[in-house]
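Chains as they are written, first to last, in this note's numbering: chain A, 935 to 1048; chain B, 48 to 160.
These aren't lab readings, by the way, just hints derived from the structure by calculation.
Careful: at least some of the hints might be erroneous.
Claimed, not checked - Quick list of in silico lysine to any residue cross-link-like pairs, SDA-like style, CA-CA up to 20 Å:
id : chain 1 : residue 1 : chain 2 : residue 2
1  : B       : Lys89     : A       : Gly974
2  : B       : Lys49     : A       : Asp993
3  : B       : Lys49     : B       : Gln117
4  : B       : Lys89     : A       : Val988
5  : B       : Lys89     : A       : Lys1005
6  : B       : Lys49     : A       : Glu935
7  : B       : Lys89     : A       : Lys991
8  : A       : Lys991    : B       : Gln117
9  : A       : Lys1005   : A       : Val988
Please read these numbers as outputs of a predicted model, since none were measured by experiment.
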Amino acid sequence: EAQVTQNPRYLITVTGKKLTVTCSQNMNHEYMSWYRQDPGLGLRQIYYSMNVEVTDKGDVPEGYKVSRKEKRNFPLILESPSPNQTSLYFCASSFGGTGETIQYFGAGTRLSVL
Amino acid sequence: QKEVEQNSGPLSVPEGAIASLNCTYSDRGSQSFFWYRQYSGKSPELIMFIYSNGDKEDGRFTAQLNKASQYVSLLIRDSQPSDSATYLCAVSGRGSTLGRLYFGRGTQLTVWP
């Protein structure tokens, strides 16, 4: 089954404690991205990756890191989480590069930073 | 920064009515347009995409694109309570941002029985 898998689905942590949210896709997609979603603000892109070892900032990259060492995986790293990073996070993937950018989303990770 | 604007809503229609959702975008060169549906707390799911001017129909859904006016809409015919969700308009990037999607803030639709 084609899917984008995020883990964990729910996470409660404390300020400053490093965390990683994993994302994996089994569709051989080149393009992967991370979004956060907050009430009234819609989906905002954090980082995206066009292929292995190619990443770029989205609209709200501050406080986040990513890496793309393998095509299927695109982890999101919060080195020192803060309460303003409490949000619903989505990973997405697509073939990309041709304009046919139908993105498939993971189930989401709800993060609370206390 | 590419802008994607949606009618703010919320939109409320009775069961069986036509729901009309609208979206405008700022980049005249945009090529691909998408409508996603998102239930509360769930991930967005693609319901329609359109690349060419005109109408595209899929069951009860019709997407309409007018590139000259930089306008894309979604019509839902015979609306059902199960259509109650937030609808997200998305526009693809181009050139150096090919592969990116730019989302509007969404329009919340409620279909009442």
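Hints the structure fails to honour: 4, 5, 6, 7, 8
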